[in-house]
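This is what each chain is made of:
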Amino acid sequence: MGNEDGGDKTRRVVFVTVGTTSFDALVRAMDSEHVKKELLAKGYTNLLIQMGRGSFLPTKSEREGSLAVDYFTFSSSIADHLRSASLVISHAGSGSIFETLRLRKQLIVVVNEDLMDNHQSELADELANRKHLYCASPHTLHQTISDMDLNSLLPYTPGDATPVANHINRFLGFPDD
Amino acid sequence: MEKGNGCCFSSVSSAVILSTVAFVVILIFVRVLYVIYYCSGRPLSKRASKPVSTLIILGSGGHTAEMLNLLAVLQKDRFTPRFYIAAATDNMSLQKAMLLENSLASESGIDVANTAQFMKIYRSREVGQSYITSVWTTLIAIVHALWLMIKIRPEVILCNGPGTCIPLCVIAFIFKVLGIRWSSIFYVESIARVKRLSLSGLLLYKLSMADQIFVQWPQLQRQYPRATYVGRLM
Numbered sequence: 001m002g003n004e005d006g007g008d009k010t011r012r013v014v015f016v017t018v019g020t021t022s023f024d025a026l027v028r029a030m031d032s033e034h035v036k037k038e039l040l041a042k043g044y045t046n047l048l049i050q051m052g053r054g055s056f057l058p059t060k061s062e063r064e065g066s067l068a069v070d071y072f073t074f075s076s077s078i079a080d081h082l083r084s085a086s087l088v089i090s091h092a093g094s095g096s097i098f099e100t101l102r103l104r105k106q107l108i109v110v111v112n113e114d115l116m117d118n119h120q121s122e123l124a125d126e127l128a129n130r131k132h133l134y135c136a137s138p139h140t141l142h143q144t145i146s147d148m149d150l151n152s153l154l155p156y157t158p159g160d161a162t163p164v165a166n167h168i169n170r171f172l173g174f175p176d177d
Numbered sequence: 178m179e180k181g182n183g184c185c186f187s188s189v190s191s192a193v194i195l196s197t198v199a200f201v202v203i204l205i206f207v208r209v210l211y212v213i214y215y216c217s218g219r220p221l222s223k224r225a226s227k228p229v230s231t232l233i234i235l236g237s238g239g240h241t242a243e244m245l246n247l248l249a250v251l252q253k254d255r256f257t258p259r260f261y262i263a264a265a266t267d268n269m270s271l272q273k274a275m276l277l278e279n280s281l282a283s284e285s286g287i288d289v290a291n292t293a294q295f296m297k298i299y300r301s302r303e304v305g306q307s308y309i310t311s312v313w314t315t316l317i318a319i320v321h322a323l324w325l326m327i328k329i330r331p332e333v334i335l336c337n338g339p340g341t342c343i344p345l346c347v348i349a350f351i352f353k354v355l356g357i358r359w360s361s362i363f364y365v366e367s368i369a370r371v372k373r374l375s376l377s378g379l380l381l382y383k384l385s386m387a388d389q390i391f392v393q394w395p396q397l398q399r400q401y402p403r404a405t406y407v408g409r410l411m
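Here the protein sequences come in this chain order: A and B.
If you're matching positions, the first sequence starts at 1 in our numbering and goes up one per residue.
If you're matching positions, the second sequence starts at 178 in our numbering and goes up one per residue.
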């Protein structure tokens with residue numbers, strides 16, 4: 001898993017994405033001093049937050065010697081932000097997770113504990129067991145960042161839909177290719 | 178005497194009505210069992226040679242992404258024409274499907290209008306909607322779904338949740354029982370489901386309404402033995 005993908009070598013961006021809804025608990029956790037301190041200690045320079053429909057606004061900052069913080073609500077170019085990031089911190093939606101993994105980016109998935117039907121942690125837990133990402137909750141995020149060893153993560157091999165297509169074809173009586 | 182006759186007649190006629198009703202009920206029951214246990218889940222015996230009209234139900238977000246990955250490898254000349262349905266509140270899914278169909282059309286030179294159609298369906302319940310108002314919206318959604326299914330009458334249905342696909346699958350199943358149209362229903366459980374089936378998946382599994390249910394994790398297949406493990410789509 002590569003760290004910097006070209007560009008300014010000294011710039012190391014952490015990109016946070018909450019997806020199409022809101023996840024204020026994550027944005028609030030990112031805004032907290034100990035999370036920012038841990039990120040700075042790990043050598044990251046910029047923090048960019050996609051906050052969706054959330055109402056909690058993080059504090060912007062451009063001070064020297066601290067993490068530069070910026071945020072926006074939505075963007076049509078999430079892919080570009082993912083590509084330019086060194087570390088992605090994402091909500092547990094499968095779309096975000098697989099888009100990030102396919103770009104071979106280091107990823108921490110934060111599970112929204114406030115959701116009623118909390119099946120989302122199933123996928124994040126499974127992929128964390130397989131060492132493709134780290135899994136955290138808003139409360140444990142700073143601990144996860146301080147403990148993580150990004151070099152121990154394994155690249156994710158994208159899946160393949162051909163077996164499903166073969167099953168469907170066989171069922172319907174189409175000859176095998 | 179007359180009174181007795183009338184009484185006799187009415188009891189005879191009510192017996193006739195009762196036995197007719199009982200006969201029809203048993204007939205429907207037997208037909209449902211036949212559709213579920215004899216036909217569903219078994220490969221069609223005849224060799225398919227003609228293309229099959231295919232209904233693709235797009236679920237939104239991650240569900241749509243998984244479905245498009247399946248469509249990418251599916252033989253487009255076999256599964257044609259294609260009808261796409263997405264929830265009325267989901268603007269992205271049909272756009273993505275149109276993008277795929279447009280690129281297919283520019284490759285093959287066949288006009289998209291001949292191979293694909295795109296439709297929206299009312300959702301029975303939005304995230305966070307109260308259960309009381311959802312009785313009314315569910316009713317509207319069912320009528321709308323029925324109208325779409327009468328128009329499309331697909332031979333193959335591909336779906337992967339969430340709830341949008343349930344009314345359409347139920348109607349397709351009723352069409353099978355009534356002999357209006359035989360559709361093969363394929364349900365692919367989302368990759369996000371590792372330990373348990375989603376509500377849609379569980380309904381189709383328990384009611385034996387889908388011909389095949391595919392799951393993307395081996396531990397899920399062990400828990401639901403009638404499902405088929407197919408590996409990851411993403």
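Hints were generated in silico from the structure; no laboratory data involved.
Here the structure is a predicted model, which means the values were calculated and not measured.
For each residue, glycine too, the CB sits at the ideal point set by N, CA and C.
Just to be clear, a hint being listed does not mean it is correct.
[What the hints assert, rightly or not] Some residues of chain A that are not near chain B, with every Cβ distance over 12 Å (derived):
| id | residue |
| --- | --- |
| 1 | T20 |
| 2 | E38 |
| 3 | N46 |
| 4 | L57 |
| 5 | S77 |
| 6 | D80 |
| 7 | H81 |
| 8 | D125 |
| 9 | N129 |
| 10 | H139 |
| 11 | T144 |
| 12 | P155 |
| 13 | T157 |
| 14 | H167 |
[Said to hold, decoys possible] Some, not all, of what chain B presents toward chain A, calculated at C-beta under 10 Å:
| id | residue |
| --- | --- |
| 15 | I357 |
| 16 | S361 |
| 17 | S367 |
| 18 | Y406 |
Let me make sure I understand: some of the numbered hints might not hold for this structure. Which ones are they, in numerical order? Per hint list: 1, 8, 9, 13, 14, 15 violated.
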